[in-house]
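Fit chain B to the supplied structure of chain A, relying on the hints for placement.
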Amino acid sequence: MKDTDIDRAFSSATRVPHELDPALLDQIADSIKLSLRPVRAMPPSWVLTGGLMLTLLAVALAGAARAGFGGFESLRPLERLLIFGAGGALVLATARGVVSEAVPGSRRDLSSGTLLGVSCAGLISVFALLFHDYRSEHFVSAGVICLITGLLHSIPIAALSWLILRRGFAVDPSSAATAGGTLAGLGGLMMLELHCANLETLHVMVWHTAVVAVSGGCGALVGMLIGRYRRGR
Amino acid sequence: MRGYQAGDFSAARSLIEQVSPRLLRFFLSQSTSRSDAEDLVQETWLRIHRVRHTYRPGESVMAWSYAIARHARLDHYRRVVRTSAQQERLDEGIEPLAIAPEQDESEDELEAMLAPLSEGQREIIEMLKVAGMSLEEVARATCTTVGAVKQKVHRAYKILRKTIAPDGLKRRASGGLA
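Residue numbers (my numbering), protein chains in the order written: chain A, 31 to 263; chain B, 1297 to 1474.
Honestly, I wouldn't trust all of these hints.
[As the list claims (entries may be wrong)] Straight-line alpha carbon distances no greater than 25 Å define the calculated DSS-like cross-link-like pairs of lysine-lysine that follow:
hint : chain 1 : residue 1 : chain 2 : residue 2
1    : B       : K1458     : B       : K1446
2    : B       : K1458     : A       : K32
3    : B       : K1446     : A       : K32
4    : A       : K32       : B       : K1454
[What the hints assert, rightly or not] A short list of chain A residues far from chain B (calculated; beta carbon distances all over 12 Å):
hint : residue
5    : G100
6    : L111
7    : G147
8    : L182
9    : N228
10   : T231
11   : A243
12   : G247
[As the list claims (entries may be wrong)] Quick list of the computed label-pair ranges, beta carbon to beta carbon:
hint : chain 1 : residue 1 : chain 2 : residue 2 : range
13   : A       : G100      : B       : A1307     : 53 to 61 Å
14   : B       : Q1338     : A       : A119      : 43 to 51 Å
15   : B       : G1443     : A       : I175      : 36 to 44 Å
16   : A       : H162      : B       : H1349     : 47 to 55 Å
17   : B       : R1378     : A       : L182      : 32 to 40 Å
18   : B       : S1414     : A       : Q57       : 32 to 40 Å
19   : B       : G1416     : A       : D51       : 26 to 34 Å
20   : A       : A71       : B       : G1416     : 24 to 32 Å
21   : A       : G100      : B       : K1454     : 54 to 62 Å
22   : B       : A1307     : A       : E49       : 19 to 27 Å
23   : A       : E49       : B       : V1377     : 26 to 34 Å
Source of the hints: derived by calculation from the structure; they are not laboratory data. Note that CB positions come from ideal geometry on N, CA and C, so glycine has one too.
Just chain B, with the same shape it has in the complex:
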């Protein structure tokens, strides 16, 4: 990150290669289609590049980049809602054509596990369990407190305990994805 701030292109390239797959997974876990998720990764990088001076050495790169990614997603979501509301008004009476987003097997698996959770819970579980961030990093990325993160995780696990069937778990744990 310091190299990126110093204007070193190879450092920037290496950072893009390390962070982008995590960002993609983050966007995919939020029920976004792959093409939208890729657009959001690009949009996030444009924002990261514009505000790269706001990263302070010693801080968590993941918390910083996820905080930016999270709001890129929120802005995208608000734009989609606004556009679809306008589209709905235009398309009244016309049957919409349903197009299923392309997803690979691992995306399906994760999507199925996170499906019963609310948007906020998914976001936090994704950061903690998929991206491997600490509670402190998640709190920073989501602009909230560690206590609030713990509470959301507790509630999410309460739901997951009921919805993940033991046989389904066995299938996943035995390497059904590999």
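Just chain A, same shape as in the assembly:
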């Protein structure tokens, strides 16, 4: 049996078109007739992606401007280049992912779970490569402060992202919210990299990356709840 034979079998089996009851077509047409008004199509993906990235940048910079740029100042040029270069690439990929989740039938390069995993793994690798101070003073107390600071900056990014994409329709709310949470978490992490001057390897690897993981996880949870609510309606 060749593939062409299977194709032929399919074309033969589907030769007869499926007739739909004309009354059903009328019913569908009538159901939309009353609310049929002109609508404005959503902007192109690059506009939405750019909007998300600018929002993230604005919140991270505003947060660091208020709290101080201690982290950025204590980094060497190569560290700045690698951390913000990798962060920027992850933000771009995640922002594109968030936009494609909000528009049905969009091209998708990576699933939202993969985006979250790749973001965390990529950041941990960059931090492991750059930082070699393995002391861990005040590991938990300093870490929790960074985690909370990062997450507090993720919240406005998530809210503003929702505002930008509010006209979209996520066919899979759980996946969309996971991607949105990951993006917001990356914004929180960028703020920490600008602000936090603690360059201990374990602190940066665990607590800074945890902002992305926790934010993405919270997004997934919120998405699941939205999905349940939508189905229950």
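Okay, now just chain B, sitting in the frame of chain A:
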């Protein structure tokens, strides 16, 4: 689609007439009864109408509408599972009455061919081979990558090569349906 977005009823009507039969076939290929499939076509159109602004000119209408249809089906499936679980609890001890869904000959034929495949494989084969969508369109409709679609098709064909008997194929190819 542009006419529909501009509020032109005749454009909307024409789109309904073109897309609905494909949606019906898509739902029927997923082992859904005809009445459920017709309900799902209506449900999908309500969703399409609500989010018609999310279609961007130049994009594939089929990928966009199938993405919405696919999730209408998933929601329907989850609702059915939940309802039947509740029903099972209520009907414990009562013999259920089996009602066979009404199907025409072509539905039987396609159903038989797709029967050995998993839900995900059926969905993709239906879009590719029945609806005539491209790999890129299928990937967009199923929120996945072209590579993942190719892999599913490869696995589905591996199963179909074993399950479609040459004599059965001959019967189908010679116009048994026509």
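Verification of the supplied hints:
1. K1458(B) with K1446(B): 19 Å, holds
2. K1458(B) with K32(A): 10 Å, holds
3. K1446(B) with K32(A): 17 Å, holds
4. K32(A) with K1454(B): Status holds; Cα separation ~10 Å.
5. G100: Non-interface label stands for G100(A): nearest chain B Cβ at 41 Å, farther than 12 Å.
6. L111: 30 Å, holds
7. G147: 15 Å, holds
8. L182: L182(A) is indeed farther than 12 Å from all Cβ atoms of chain B, at 31 Å.
9. N228: 39 Å, holds
10. T231: Non-interface label on T231(A) holds, nearest chain B Cβ at 35 Å vs cutoff 12 Å.
11. A243: Holds, since 23 Å exceeds 12 Å.
12. G247: The claim stands: G247(A) keeps its Cβ more than 12 Å from every Cβ of chain B (closest is about 20 Å).
13. G100(A) with A1307(B): 53 to 61 Å: 59 Å, holds
14. Q1338(B) with A119(A): 43 to 51 Å: Between Q1338(B) and A119(A), where Cβ atoms are some 44 Å apart, the hint holds.
15. G1443(B) with I175(A): 36 to 44 Å: 43 Å, holds
16. H162(A) with H1349(B): 47 to 55 Å: 52 Å, holds
17. R1378(B) with L182(A): 32 to 40 Å: 37 Å, holds
18. S1414(B) with Q57(A): 32 to 40 Å: 33 Å, holds
19. G1416(B) with D51(A): 26 to 34 Å: 30 Å, holds
20. A71(A) with G1416(B): 24 to 32 Å: Holds - the Cβ-Cβ distance for A71(A) and G1416(B), about 31 Å, lies within 24 to 32 Å.
21. G100(A) with K1454(B): 54 to 62 Å: With Cβ atoms ~58 Å apart, the hint holds.
22. A1307(B) with E49(A): 19 to 27 Å: 23 Å, holds
23. E49(A) with V1377(B): 26 to 34 Å: 30 Å, holds
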